[in-house]
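Here is how the chains run, residue by residue.
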Amino acid sequence: MSGEGRLTRYGLRFVALFYLAALLLLPIGVALVKTFDDGIGEVITQITKPDALHALKLSVITVLIAVPLNTIFGIAAAHVIVRTNFPLKWLIGAIIDMPFAVSPVVIGLSLILVYGTGGWFGADLAAQGIQIIFSTPGIVMAVIFVSLPFVAREVIPVMQEIGTDQETAAETLGASPWQTFYKITLPAIRWGVTYGIVLTTARALGEFGAVTVVSGNISGETQTLPLYVSKQFETFNSVGAYSASLILAILALGTLLFMNLLRRRED
Amino acid sequence: MVTYLSLIVLLPLAAIASKAFSDGFGTFWDAVSQPQAVAALKLTVICSLIVVAINAVMGTLIAWVLVRDEFPGKGIVNSVIDLPFALPTIVASLTLLTLYGKDSPFGIDAAYTKAAVVIALLFVTLPFVVRAVQPLLLSLDRDMESAAESLGAGRARIFRQIVFPNLAPGIAAGVALAFARALGEFGALVLISGNVPYKTEVASVFIRGQIESDNIVGAAAVSVVLLAVSMTLLAFVNLIQKWGLRHER
Amino acid sequence: MSLSSSNKSKRSIQALLLLALIAFGAIVVGCGSSDDDGGSGGSGGDKVQLVAYSTPQTAYEEGLEPAFNETDAGKGVSFSNSFGASGDQSRAVEAGQPAGYVNFALETDVTRLVDSGQVSKDWQDNKYKGIVTNSVVSIVTRPGNPEGVKSFQDIIDKDLEVVTPNPFTSGGARWNIMAIYGAAIHDGQTPDQALDTVKQILSQAPVQPASARDALQAFVGGAGDVLISYENEAIAAQNADQDVDYVVPDSTILIEQPAAVTVDAPKSATDFLDFLWSDEGQKIWAEQGYRPVNKSLVDESKFPTPKDEFTIAEFGGWDKVADEFFDDKTGSIAEVEKELGVSTEG
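Residue numbers (this note's numbering), protein chains in the order written: chain A, 1 to 267; chain B, 1 to 249; chain C, 1 to 346.
None of these hints come from the bench; they were simulated from the model. A hint or two may mislead.
What the hints assert, rightly or not - Capping the alpha-carbon separation at 35 Å, the derived lysine-lysine pairs in DSBU-like fashion look like this: (1) B/Lys114 <-> C/Lys338; (2) B/Lys102 <-> C/Lys158; (3) B/Lys74 <-> A/Lys57; (4) B/Lys42 <-> C/Lys158; (5) C/Lys307 <-> C/Lys150.
Every value quoted in this text rests on a predicted model; they were computed, and no experiment measured them.
Work out the full structure, taking the sequences as your base and the hints as a guide.
As structure tokens, this is what we get:
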């Protein structure tokens with residue numbers, strides 16, 4: 001490699017790492033230091049409190065519902081957007097991105113307007129004895145809402161990138177659309193899917209604003225981990241708050257690790 | 001697929017839109033044209049634009065370094081990229097305040113200024129561009145680059161003519177998402193931005209105030225404007241993506 | 001190539017199926033667990049569903065609820081606790097969040113539930129007019145009050161940086177504004193001059209956090225020279241080992257925090273509210289930093305009554321004040337914030 005090339009490489013590396021350090025690594029470092037302010041024993045005491053464990057369980061259940069549904073939806077949506085052609089197609093693409101453009105507080109409000117008492121379907125649902133808002137289904141819906149776009153958005157560029165040559169070839173050789181999809185397309189887009197799942201999981205784990213509006217925020221019942229964290233800050237239990245945040249970070253990192261392992265096995 | 005989208009996204013958004021116009025267009029216009037709303041919207045849009053511009057450059061650069069470069073600790077850096085999503089936004093707010101607030105170890109006191117809004121937004125939107133570009137870089141065929149290199153093309157030219165057009169759709173997608181997220185962000189800002197009306201109050205905090213004043217119509221109206229702004233940018237991004245595709249063929 | 005690719009696709013398909021299975025399984029578990037929660041909530045009247053504003057969380061969870069369980073009426077009663085911003089909590093109950101007992105920072109948050117028919121119209125027909133605790137608006141300072149602040153006017157005279165929540169996002173913060181306004185009126189200012197005083201103090205606020213607790217956190221984190229907040233917030237901070245002091249100005253407003261039971265609340269909720277008003281309950285409130293509503297229980301050494309203490313009734317009560325001062329378009333405080341914004345823009 002030429003000297004100039006090496007210089008560029010080091011330069012880029014330096015800029016990228018400096019930026020990441022200032023914006024991301026240092027804040028995370030600060031959070032870590034604060035977590036262990038009172039030693040590791042205190043961290044363990046904090047995260048094994050019943051309310052913390054219940055919040056963890058609720059967060060995990062929510063993620064296990066929201067992420068798979070959004071993944072399947074995202075792949076399907078990406079396929080429709082990239083590989084089919086119909087008028088108003090752009091509209092679907094736009095709708096998929098919408099959840100990000102809405103302030104989380106408003107997302108919560110909008111769900112209440114539809115599914116809450118006095119909402120569009122609220123009365124009918126209540127008559128059936130179904131409670132969506134201020135219960136687990138409401139939390140899951142809020143989380144699905146905020147993390148909906150990721151998989152589609154990750155997969156779309158990759159699908160465009162790989163082009164249609166292989167797919168067309170497969171179809172000429174007599175493969176059904178479904179066969180083509182899972183034999184050619186799916187393996188090719190797996191990078192996009194991986195990052196999509198990782199981002200969806202991270203976002204689903206961390207969501208606070210929308211969930212706080214629809215959950216009712218009852219400790220030990222409808223409190224997810226981020227709500228629990230915020231509650232701990234409010235009661236000046238910062239070690240408890242940072243410890244619970246650490247769990248969220250570990251869950252997110254765990255997802256990435258898991259996806260990497262899966263992929264390594266596939267390759 | 002349509003049902004899923006309708007139940008979870010479309011119906012609630014339709015409810016907001018219908019709420020925004022429930023008292024007629026006049027009320028809608030009054031709500032979004034009042035000075036406090038205009039100031040909040042202006043601040044939000046400007047900060048978000050700055051944020052996505054920085055993201056487009058730095059995000060691509062980070063993705064590049066993470067895919068093409070090798071250095072010790074790369075795996076760790078790569079794995080923490082997504083943490084801004086997973087950490088509760090209040091944690092982001094507090095740690096950024098420790099680092100760039102009054103007691104900043106670097107002597108940078110940005111707390112309660114517009115710069116603080118930008119820093120907080122940069123934090124929460126960091127993963128978008130990086131993670132959108134990374135898969136493209138990974139699946140990018142390097143043969144073309146080495147071919148160009150052997151034909152004597154400079155690195156800058158290779159990047160501009162071969163790499164960049166291939167990454168453009170990803171950058172565009174990442175920018176679009178980051179912009180939309182920046183427009184709507186609330187949690188990461190509450191402690192680090194000053195929240196002072198007309199100065200450091202962003203749109204989502206203004207919306208929060210409208211809800212607190214039981215002015216749901218006003219809150220819905222401002223949300224609709226935010227939606228419209230991001231739709232415009234998305235349409236624009238769509239065009240870029242088409243350009244990228246054409247370039248490739 | 002074909003072998004490996006078909007292997008890959010098989011894996012991919014398996015992965016997709018697995019995802020679907022996970023989602024299905026989680027839905028079953030999730031709904032199952034939510035049924036459990038609902039079931040225990042509906043079973044008989046031995047559970048009080050408490051919905052309250054953020055501040056008294058510690059008071060309830062560590063003081064009042066355990067003490068109530070010790071009484072005859074409270075034996076075996078369990079609680080489900082929900083805490084959050086006062087207005088949010090009230091709107092949530094209106095939108096269907098199950099609630100038996102509610103406690104808010106502002107009377108208008110109870111009025112909302114009276115309007116929706118969830119709280120009886122006669123909720124104020126009792127000895128304490130529906131108010132369960134009192135407090136006063138106070139000035140929180142750095143340890144030892146280095147600036148020597150004693151009144152709201154001092155904040156202006158000494159040109160101090162002040163932290164007070166944004167009055168539009170925090171309903172509770174409106175007490176602060178009314179305290180400053182009332183103190184100015186009692187100092188002989190005209191209503192217009194008093195609004196100018198409010199304006200001056202707001203102009204010295206570089207940060208107006210979204211809620212009272214956010215404001216306290218910002219102050220503890222180093223923002224501002226003084227914080228305007230409830231006395232009970234300051235005591236809560238001290239109880240949690242935060243390094244702050246506070247001053248009760250001679251002229252300040254008495255904060256009245258209302259509580260009520262909902263119309264379909266179980267008897268245990270009413271029992272709980274009665275307990276909160278009992279001498280024993282009021283004493284626990286006092287330990288947690290709240291002023292008892294039963295004046296005979298107020299310990300003057302801990303809670304000195306300000307020389308010039310006024311109430312919101314002086315300005316026509318919260319319904320009127322909410323319209324006149326805090327309407328987001330026509331209210332005088334909206335006007336003040338607007339003038340501030342315009343004068344400093346650019």
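Here is how each hint holds up against the structure:
Our distance criterion of 35 Å between C-alpha atoms is met by lysine 114 of chain B and lysine 338 of chain C, whose separation comes to about 18 Å. Only pairs whose Cα atoms come within 35 Å are accepted, and lysine 102 of chain B paired with lysine 158 of chain C is accepted, the gap being roughly 21 Å. Restraint check for lysine 74 of chain B and lysine 57 of chain A: satisfied, since their Cα atoms lie roughly 32 Å apart, inside the 35 Å limit. Taken as a hint, the lysine 42 of chain B and lysine 158 of chain C pair is honoured in the structure, with Cα atoms around 34 Å apart against an allowance of 35 Å.
The suggested pairing of lysine 307 of chain C with lysine 150 of chain C holds, with an alpha-carbon distance near 13 Å, which does not exceed 35 Å.
In this structure, every one of the numbered hints holds.
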